[in-house]
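Enquirer: Chains as they are written, first to last, in this note's numbering: chain R, 1 to 338; chain Y, 1 to 338; chain X, 1 to 412; chain D, 1 to 412.
Keep in mind that a hint or two might mislead.
[To be verified] Computed footprint of chain Y on chain X, listed as stretches where at least three residues anywhere in the stretch have a Cβ under 8 Å from a Cβ of chain Y:
{"#": "1", "segment": "114 to 128"}
{"#": "2", "segment": "163 to 171"}
{"#": "3", "segment": "179 to 185"}
{"#": "4", "segment": "193 to 203"}
{"#": "5", "segment": "235 to 247"}
{"#": "6", "segment": "375 to 385"}
{"#": "7", "segment": "392 to 403"}
Read the hints as simulated data drawn from the structure, not as lab findings.
The beta carbon of each residue, even a glycine, is placed where N, CA and C say it ideally should be.
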Amino acid sequence: MRELNMVKAINDALGVMLAHDPNVLIFGEDVGYFGGVFRATEGLQAKHGLKRCFDTPIAEGGIIATAIGMGVQGLRPVPEIQFADYILPAFDQLVSEAARLRYRSGGEFWAPITVRSPYGGGIFGGQTHSQSPEAIFAHVTGLKTVIPSTPYDAKGLLIAAIECDDPVIFLEPKRLYNGPFDGHHDREIASWAGHPAAQVPEGHYTVPLGKAAIVRPGEAVTVLAYGTMVHVALAAVADAGVDAEVVDLRSIVPLDIETILASVNKTGRCVIVHEASRFGGFGGELSALIQERCFYGLETPIERVAGWDTPYPHAFEWDYFPGPGRIAAALRRVMESN
Amino acid sequence: MRELNMVKAINDALGVMLAHDPNVLIFGEDVGYFGGVFRATEGLQAKHGLKRCFDTPIAEGGIIATAIGMGVQGLRPVPEIQFADYILPAFDQLVSEAARLRYRSGGEFWAPITVRSPYGGGIFGGQTHSQSPEAIFAHVTGLKTVIPSTPYDAKGLLIAAIECDDPVIFLEPKRLYNGPFDGHHDREIASWAGHPAAQVPEGHYTVPLGKAAIVRPGEAVTVLAYGTMVHVALAAVADAGVDAEVVDLRSIVPLDIETILASVNKTGRCVIVHEASRFGGFGGELSALIQERCFYGLETPIERVAGWDTPYPHAFEWDYFPGPGRIAAALRRVMESN
Amino acid sequence: MSNRPPLEFHVPEPPARPGQLSEIAGTVVPEAGLVRRPDALSSSVDLRDLPFELIRVLDDDGQAIGPWDPRLSPERLRQGLKAMLLTRAFDDRLFRAHRQGKTSFYMKSTGEEAIGAAQSLALEPQDMCFPTYRVMSWLHARGYPLVDMVNQIFSNERDPLRGRQLPILFSARDYGFYSLSGNLGTRYGHAVGWAMASAYRQIDSIALAYSGEGTTAEGDFHEALTFAAVYRAPVILCVTNNQWAISSFAGLAGTENTTFAARAIGYGMPGLRVDGNDFLAVTAATQWAAERARGNMGPTLIEFYTYRVAGHSTSDDPTRYRPREEAEQWPLGDPVARLQQHLISIGEWDDERHSALLAEIDAQVRSAVREAEAVGTLGKSKPPLSEMFEGVFAEPDWRLIEQRSEIGAGNA
Amino acid sequence: MSNRPPLEFHVPEPPARPGQLSEIAGTVVPEAGLVRRPDALSSSVDLRDLPFELIRVLDDDGQAIGPWDPRLSPERLRQGLKAMLLTRAFDDRLFRAHRQGKTSFYMKSTGEEAIGAAQSLALEPQDMCFPTYRVMSWLHARGYPLVDMVNQIFSNERDPLRGRQLPILFSARDYGFYSLSGNLGTRYGHAVGWAMASAYRQIDSIALAYSGEGTTAEGDFHEALTFAAVYRAPVILCVTNNQWAISSFAGLAGTENTTFAARAIGYGMPGLRVDGNDFLAVTAATQWAAERARGNMGPTLIEFYTYRVAGHSTSDDPTRYRPREEAEQWPLGDPVARLQQHLISIGEWDDERHSALLAEIDAQVRSAVREAEAVGTLGKSKPPLSEMFEGVFAEPDWRLIEQRSEIGAGNA
Ligand SMILES: Cc1ncc(C[n+]2csc(CCOP(=O)(O)OP(=O)(O)O)c2C)c(N)n1
Ligand SMILES: Cc1ncc(C[n+]2csc(CCOP(=O)(O)OP(=O)(O)O)c2C)c(N)n1
Ligand SMILES: [Mg+2]
Ligand SMILES: [Mg+2]
């Protein structure tokens, strides 16, 4: 056990897998000598060699295509896309190829790739360094989408993703790399130091894909969140003084439907939170699923707190970001109505 | 007034706009001399000249990039993507550029482009000639997404889309090009002949974007559908013998929330139908919106009937396709429960 | 500025449209045997002339001449001839099966059979091709069971791809044939990654990728070339320039003033331009590029100059967009007839053996179709419904399990 | 087969890493004045040698020599010098403003100022450039108001982009400067469409597009080249090869054995390779390509060979990935010093005037920053909240109207 921040935990997971499995290799823009713009691959090239962790041309489609071809030969490539905003040039490769290969080839070929990418806002990155594209991946049959919220989970989920035989989109909430940001941007910045989930075991361990975590048990209302929003939701729950059960989904595909339904069946109320813009976001799917399966147990409408239906606006970061204030207000509304 | 099938109505709309506005021009793979693989642009090059309707290289990203650049100079390009399955290589251009240009440039530049693309299944086109990608566009702030279900609407909506100053994705249900297919694939194929909505006025007219159509008024349950599913839903309603109100959304962005809420508030029940796979599909957003806004008026859970969460499977087309049987079953469930 | 003519853009048009005189017969074709054959391990810097030549081995009389003659054994030549004839017979039979409603879709390789056949035989069993739909002769050359192919085309219960894929979008791993898909160009980069994986694993397998000339316009093509060049991947990158992309001629892909092979120059790799209707030239170029790849000299781009004789697929009628007689006038001739002529001219073939071979092939194809028909044609037979839910993931998640049981396709 | 060494792939590495001896000083640089200057309307087929040359006008003594000398007026040369100096001073000041927490982000063009400045002055007011973040000298050459630029960088209430965009990702239509965005390469194709629209509308405006050398690897780059070549669009396609893409050197974009200019050959367009630190060479090449574009001869690809002297942005420290001394040893020198030297050598400039100009620029920049600071720096001032919901569509739909009122940003 050591205390690691999230980016170090990710670096640790990659190092463990490079040592553990000769079929693992890592590549992406600036990931080699430089160690990545967020330092997630720092030291890996020096330790494991030029062929295990290397730089690529700036061509996200090419990065994913290359990874697929390698995966087909039995390797387990872990490509990095520098920002999730730049994953779109590779969208066709991910959807039409990685996600469909096993199915269409009758099981002859598949692509066990893990695509890491920093995502989300809260860092004044403006339109194209802040977006949360998870919804468009969740809709793609054949892709898994994983989003950790702590160093412990980040390492365990990343190892599980790399060992998974399906293509996995691994979205890293970049605002959490250095600390468990709770959305109170005007307060002092927290680091991971002292946080229980920053205790990261050495070596190999996994956190299974498709299992949510109840990060705060409660009776009054269920809050569904992932990534940075887990911490923001916890702060909002404290601020609102509501006995909420906060569920960190951890992976949105596969989705831990059992944990979700059990919680909502218990509380009868639900608030869904995500950073991505609301319309057509993943919150819609969650809301629909719960409504379909817990209809008669719901006391009040399921609420969604999300980014507004605008591009990510630089100067208005804190107006756009679903902060603790907006979530607390939703919690109060849900508790008061009916 | 003439009777036109849907592909002819689209051709007519394009011809009207070429004649009407010198800034309109059309391009895409095989759209020029050949007139398009579905004949949507037939005769347009011969009539309006090589520079108004022409072939492009096979590069969907390049087609959209070129259209954006032209749009910025005041032209109104109407590019065609040969199948909606092949729109993904252009996804980044649509999302990061077309959709964001006006916003990020402080209103200095915008892209008044209309991207036409045949979409949807029911033609034994297999995985990559059958998909319905509307949900991923609906989530993108800054794009409009329009889907006609009749020749009349197709012409009027397409003209409205071309005249719109925002980028519009215009998805044409290819199974409806030649007839109002109702999903009874084992029955005789219907043509548009005799269908009231196949009466298409000559010349210029518009159907406004963002206005749904109540294609069958009813009291018992609201059915929300678009594209081919409108006709399948109508058949299912007849088969189930339910007094359903069938709403054809016609555009999913902007969404006619008023018509939807008015109908569900009246009926208290709702079935949502789309061809795309269910998880993360646009039905989730519709369900969430209705649940948020009509919660206390809902008698039974909102149901979704959609494609299964698999790629589009060639041999199992009619098992995958949300046919009248599955929709009728949902209607019966919704009417029976509670 | 004002005395200049106004700005214009240019829309390329093919040499002739229906009703116009086909100019194709007038295409000047360089003579066979003239292009130099540099050492396969030469620096790409010294090879920049090659993309503007046309490598040909078989001359008008069916003689093999010049430095690129691969000196194949008669046995190998007969193997090639058989693969090409089989491809053609199979295409004709299955195209008819589509007309008879037995399948939803079909595409022929007519006129381009030499490419897949020659390359399939020139490479090793452990090598992998990343095909287009128009190189089925690769599989025929390697003896892929015809009946499995027909089962796939009929999407019946014995379809090796379990009813999930459009007809002819095969996958045949054990025959070095990667999974096809409808999306053009997307697999070109997979070949590069696959080749890099071979190098990484230090096994002796190289990759070969195909793209139609129309498909070269896709960004995927460029990204694959870039990665191949940067990492010197052991891959052969082929462009089958059959002059047409559905209704669009090759000039629409950007080569009115250059060649597809010349793209190689900008990536620092060799580019060869090869008579694609010449079985020997295709073989020789492939051997050269394979030697280079296996010698760690990296990728080669090969443009095969050929002609798509049939329509694009069962969905189009080519006489709507090009002169009917263009195919016959194609100056590089028919690859089957040219190889047959060569074999005859070297005394290794005759009309009698040819007729016997045709009959044998005909019987093989008939019997395969008959066997597959007995299983069932499209809509008459299909794999078990549970197959719709298999293979989405390695293991189905709850959604698939629920949906499978909802549709009554079993719980387990 | 078994006696061959095992397969390998190659990972390109830069000439030197921190702590290693920089080899860059040893780069062989061709002398100025030697490259032929063919007629601008020549067929691209006759220009295939040019991509492997390096067009230079200013020699080591600051003399303009050879056929590419654009023979600019001293006035124009001074304009260029001023634009470059202004760019450098502005960059230094705003980079410091970032360190002081006044903005979230900044990027400098140090060492590359000649490119945007020379091209901005060489083209006409009605032409449009499709910029990268590293050609701000285009705007400085055209006199874009400094205070507006600083307001944008501070995202304050007077930000012309209404607080919606990252600092320095400008848009300035009236200065022929298209909207920037963070996504690399996506606007290259817009330039082609824009140029085609000029031709379609028969107005006399051409387009100029920029791409970093690293960005050439994107599929968008290739698709733009393809469309430009196919339709012979009146566009100038520039690659600013500043040797670095964040921490990756140019070889990672696929040119260890070729040049970026050589990409042009595969599209049948001319490719020029130009000393990007030579204001005169940049001007001359741009004029040549513009003449070609306006003469309906289509696109030209120009590679500007230059060096990124500063870090990539405020987010990185270049000494982590390249030798600290590399920038100084860059053999093509400093574009500002070279133009200054030339002006002095022709008797049109002296130290006194230079100091006066520097002082004037310094005052301009200071005053602009002061004025913008008075409005407010990041977080201290911003446009009205309603601006967050404007410009998503031409007219907001109900979602935006609802959300705007939910957040208390007004109903109308
Ligand atoms: C990404 C994508 N865009 C468009 C299509 C539609 N399409 C199918 S084949 C074809 C023409 C391909 O031409 P070419 O690359 O020359 O190959 P050929 O058919 O001549 O072998 C087109 C446009 C597609 N399948 N995929
Ligand atoms: C599509 C995309 N991928 C990755 C990035 C991240 N990124 C920003 S700048 C940069 C390097 C660009 O290098 P180059 O094209 O050489 O331009 P330069 O910065 O040298 O001017 C990268 C990788 C991005 N902005 N967009
Ligand atoms: Mg072709
Ligand atoms: Mg660079």
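Enquirer: Give a verdict on every hint.
Expert: Okay, the hints, checked on the actual structure:
no.: 1; hint: 114 to 128; verdict: violated (count 0)
no.: 2; hint: 163 to 171; verdict: holds (count 6)
no.: 3; hint: 179 to 185; verdict: holds (count 5)
no.: 4; hint: 193 to 203; verdict: violated (count 0)
no.: 5; hint: 235 to 247; verdict: holds (count 3)
no.: 6; hint: 375 to 385; verdict: holds (count 4)
no.: 7; hint: 392 to 403; verdict: holds (count 4)
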